[in-house]
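Asker: Listed below are the residues making up each chain.
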Amino acid sequence: MNNKKQGFVYNSSASTKLCLEVPADSNSFLTEKRYLAGYDIETLTSKVSYIESLYLLFKQELPSPQQTTLLNALFVALINAGPRDEAVRASMAAGVSKTRAEHLLPIGLTVLGGANNGAQTVERAYSFIEQQVNKSQSDNNYLDIKLLDNVIAKLLNDIPNIKDISPELMVQYCPGFGQHYGSIDKLTARLSQSVFEVMPNSIIFSWCQAFNQKMTKYNVGINPVGLAAAVFLELKLGARESIGLYQLLRAPGILAQGMEQTHKPITAIPMLKDQEYHFTPEVPDNE
Amino acid sequence: MNNIKKDLSYWHEKHNKISTHIGKWIGGEDVKVRQYSLFNDLFGKISYMQMIVLNITGRLISKELSTWLENNFICMSYPDARIWCNQVGAFAGENQTSPAAATVAGILSADSRAYGGSQTTKIAMEYIQTTLIIYKKKLQIAGKDYDEEKIIQEIVHNTPIKHNKPAIVGFVRPVDKQDERIQPHITMSKSLGFEIGEHMKLANKISNYLLKNYNSGINIGGYTAAFLSDQNFTPDEGYQIKNSCVSSGVTACYIDNLQHNNNEFLPLKCSDVKYTGQKIREL
Numbered sequence: 001m002n003n004k005k006q007g008f009v010y011n012s013s014a015s016t017k018l019c020l021e022v023p024a025d026s027n028s029f030l031t032e033k034r035y036l037a038g039y040d041i042e043t044l045t046s047k048v049s050y051i052e053s054l055y056l057l058f059k060q061e062l063p064s065p066q067q068t069t070l071l072n073a074l075f076v077a078l079i080n081a082g083p084r085d086e087a088v089r090a091s092m093a094a095g096v097s098k099t100r101a102e103h104l105l106p107i108g109l110t111v112l113g114g115a116n117n118g119a120q121t122v123e124r125a126y127s128f129i130e131q132q133v134n135k136s137q138s139d140n141n142y143l144d145i146k147l148l149d150n151v152i153a154k155l156l157n158d159i160p161n162i163k164d165i166s167p168e169l170m171v172q173y174c175p176g177f178g179q180h181y182g183s184i185d186k187l188t189a190r191l192s193q194s195v196f197e198v199m200p201n202s203i204i205f206s207w208c209q210a211f212n213q214k215m216t217k218y219n220v221g222i223n224p225v226g227l228a229a230a231v232f233l234e235l236k237l238g239a240r241e242s243i244g245l246y247q248l249l250r251a252p253g254i255l256a257q258g259m260e261q262t263h264k265p266i267t268a269i270p271m272l273k274d275q276e277y278h279f280t281p282e283v284p285d286n287e
Numbered sequence: 001m002n003n004i005k006k007d008l009s010y011w012h013e014k015h016n017k018i019s020t021h022i023g024k025w026i027g028g029e030d031v032k033v034r035q036y037s038l039f040n041d042l043f044g045k046i047s048y049m050q051m052i053v054l055n056i057t058g059r060l061i062s063k064e065l066s067t068w069l070e071n072n073f074i075c076m077s078y079p080d081a082r083i084w085c086n087q088v089g090a091f092a093g094e095n096q097t098s099p100a101a102a103t104v105a106g107i108l109s110a111d112s113r114a115y116g117g118s119q120t121t122k123i124a125m126e127y128i129q130t131t132l133i134i135y136k137k138k139l140q141i142a143g144k145d146y147d148e149e150k151i152i153q154e155i156v157h158n159t160p161i162k163h164n165k166p167a168i169v170g171f172v173r174p175v176d177k178q179d180e181r182i183q184p185h186i187t188m189s190k191s192l193g194f195e196i197g198e199h200m201k202l203a204n205k206i207s208n209y210l211l212k213n214y215n216s217g218i219n220i221g222g223y224t225a226a227f228l229s230d231q232n233f234t235p236d237e238g239y240q241i242k243n244s245c246v247s248s249g250v251t252a253c254y255i256d257n258l259q260h261n262n263n264e265f266l267p268l269k270c271s272d273v274k275y276t277g278q279k280i281r282e283l
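Protein chains in written order, with the working numbering: chain A, 1 to 287; chain B, 1 to 283.
Because the hints were derived from the structure by calculation, they are not lab data.
Certain hints may be false.
[Stated by the list, open to error] List time: in silico SDA-like cross-link candidates among lysine to any residue, alpha-carbon distance up to 20 Å:
#1 B:Lys32 x A:Met271
#2 B:Lys279 x A:Gln275
#3 A:Lys17 x A:Gln66
#4 B:Lys162 x B:Leu211
#5 A:Lys135 x A:Ile203
#6 A:Lys17 x B:Leu211
#7 A:Lys163 x B:Lys212
#8 B:Lys150 x B:Ile134
#9 A:Lys98 x B:Gln183
#10 B:Lys274 x A:Val96
#11 B:Lys17 x A:Leu57
#12 A:Lys98 x B:Ile56
#13 B:Lys14 x A:Ser183
#14 B:Lys24 x A:Gln275
#15 B:Lys279 x A:Leu57
[Stated by the list, open to error] Now the in silico label distances, taken between C-beta atoms and shown as ranges:
#16 B:Asn213 x A:Glu61: 45 to 55 Å
#17 B:Phe194 x A:Glu61: 56 to 66 Å
#18 B:Gly44 x A:Thr280: 53 to 63 Å
#19 B:Gly44 x A:Glu276: 23 to 33 Å
Note that beta-carbon positions come from the ideal geometry of N, C-alpha and C, so glycine has one too.
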């Protein structure tokens with residue numbers, strides 16, 4: 001067949017570089033030994049932390065002690081976004097309304113997957129910070145303050161009407177940075193400071209802090225998505241991988257907050273009264 | 001989404017209140033759906049598909065368009081567990097999840113840029129709507145002595161090549177077979193009284209070129225995208241309307257495996273998955 005006309009050719013088997021399963025002698029379906037990136041899972045179980053094994057899965061190498069501390073700090077900092085976060089509230093609404101318990105986590109994580117400062121935004125923030133840092137680096141891989149000033153000035157110049165910009169539009173221009181209820185998210189700024197201190201020589205963290213400082217006068221600051229993206233970028237975990245890793249690190253809070261509500265009556269979370277529900281039908285032009 | 005600056009007063013104004021145009025449940029009496037009364041205007045009078053589209057777009061579509069969409073949905077959910085989303089349903093069945101979990105998992109897996117009829121509908125509608133504008137511009141520039149095949153060739157070759165074919169969502173299937181759904185849709189569209197609109201005419205031209213040169217013509221995604229564009233739906237509305245179109249096939253594959261023992265669906269030996277990673281090493 002003409003090569004142009006030959007399209008999809010499917011492999012005869014799946015492949016992976018993450019996991020090797022060695023079968024038992026007596027049963028080729030049964031796993032006798034399992035290796036993660038070459039390491040025996042039975043040895044890993046007794047010798048490495050959860051964070052180290054997580055890093056191993058994504059990088060196929062174990063992290064340095066400093067990298068472990070960094071990733072661990074991020075996972076603690078963002079373990080629970082609190083009971084007013086959309087993803088957490090979704091899990092809580094499901095929990096209180098007696099949804100099957102196994103659905104709570106997927107419900108919250110699905111909501112968390114959104115593009116409006118959700119998990120999708122982490123990928124964009126990762127790429128945004130990576131591009132800006134590359135533009136701000138000198139030839140010998142140091143953050144060049146003059147270059148950084150120019151990069152930020154150009155970025156600000158590209159944002160129309162920056163003083164009155166909505167958070168939704170801000171996400172388009174500098175994902176990972178913005179406002180929370182009209183203000184800078186100071187808690188996340190302090191958490192970022194604490195996480196970034198684990199690697200004081202990181203160019204990526206230095207850039208984020210410098211950018212954060214410059215944006216303060218525009219009432220814009222780093223948000224949880226930006227913090228996660230910066231750490232994932234520092235560890236070179238991958239932009240697309242960052243989407244799921246962000247869901248993973250936020251999972252415990254979503255699960256715990258939702259599960260707590262399952263033990264309460266369905267009336268434990270308010271339902272708005274009719275007078276608090278304002279309905280104004282709009283008739284489409286073509287009706 | 002409004003793009004106004006949101007200061008503190010904005011959030012106080014929103015506090016403890018829902019403001020909406022979509023509808024309201026008036027407990028014990030009625031339900032408002034947009035400008036309609038559910039029990040006086042809609043119940044017993046419209047189809048479920050009309051209701052779905054009304055809730056999504058605010059448009060009460062015709063019975064004919066509703067029938068078209070319903071038949072289109074029927075063609076989007078085959079009970080065959082080789083298809084990726086259905087495989088998810090089968091695994092869910094084997095693991096004895098709830099039917100909702102199985103079906104939602106299948107719907108999520110079909111929310112793909114490669115197949116499934118939800119996200120692909122949006123991508124294909126964006127393509128055909130944008131391409132129609134480009135096509136018209138090219139016609140205008142070329143004047144009355146235009147070479148249509150050359151214009152279509154330019155349009156097709158403006159897309160990247162993947163798997164040896166132009167990667168146009170809606171025109172190449174992940175499986176090299178002619179789409180069996182096109183002819184029944186053409187017949188249905190005609191019998192329901194729909195004329196061939198300008199998006200569909202262009203889609204047919206692109207399809208003919210691809211068939212001649214790449215052995216791949218329009219698929220149901222491309223056909224649906226052109227049809228829905230001719231019915232004045234936006235790409236986002238297409239995505240929203242078709243978001244769960246694979247559900248019944250997923251549920252069928254779930255049911256099929258629900259009574260099976262663990263691991264019975266397509267069991268794999270250890271050696272069936274090729275390992276390409278690090279050699280075995282000591283910690």
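Asker: Does Gln275 (chain A) sit within 20 Å of Lys24 (chain B), going by the straight-line distance between their CA atoms?
Answerer: 11 Å, holds
Asker: Is Lys162 (chain B) close enough to Leu211 (chain B), meaning Cα to Cα at most 20 Å?
Answerer: 16 Å, holds
Asker: Decide if the proposed pair is consistent with the structure: Lys279 (chain B) and Leu57 (chain A), CA atoms, cutoff 20 Å inclusive.
Answerer: 15 Å, holds
Asker: Quick check: does the Cβ-Cβ distance between Gly44 (chain B) and Thr280 (chain A) fall within 53 to 63 Å?
Answerer: 27 Å, violated
Asker: Please check whether Asn213 (chain B) and Glu61 (chain A) have a Cβ separation lying inside 45 to 55 Å.
Answerer: This hint holds: roughly 46 Å between Cβ atoms.
Asker: Lys17 (chain B) and Leu57 (chain A): Cα distance at most 20 Å?
Answerer: At roughly 45 Å apart (the allowed maximum being 20 Å), Leu57 (chain A) and Lys17 (chain B) break the hint.
Asker: Just to be careful, I want the Cα atoms of Lys279 (chain B) and Gln275 (chain A) compared with a cutoff of 20 Å; is the pair within it?
Answerer: Given pair Lys279 (chain B), Gln275 (chain A) is violated - Cα atoms ~67 Å apart, limit 20 Å.
Asker: Take a quick look at whether Lys163 (chain A) and Lys212 (chain B) sit within 20 Å of each other, Cα to Cα.
Answerer: Between Lys163 (chain A) and Lys212 (chain B) the Cα gap is close to 55 Å, so the pair fails against 20 Å, i.e. violated.
Asker: Check the hint pairing Lys17 (chain A) with Gln66 (chain A) against an upper bound of 20 Å on the C-alpha distance.
Answerer: Measuring from Cα to Cα gives roughly 25 Å; hence the hint is violated.
Asker: Next pair to validate is Lys17 (chain A) with Leu211 (chain B); report whether the Cα-Cα distance is within 20 Å.
Answerer: 38 Å, violated
Asker: Under the criterion that the straight-line Cα-Cα distance not exceed 20 Å, is the pair Lys150 (chain B), Ile134 (chain B) satisfied?
Answerer: Distance ~14 Å between Lys150 (chain B) and Ile134 (chain B) Cα, so the pair holds.
Asker: Please test the hint of 56 to 66 Å on the beta carbon pair from Phe194 (chain B) and Glu61 (chain A).
Answerer: Roughly 58 Å apart at Cβ, these two residues keep to the hinted range, so it holds.
Checked against the numbered hints given earlier, this structure breaks hints 2, 3, 6, 7, 9, 10, 11, 12 and 18; the rest are met.
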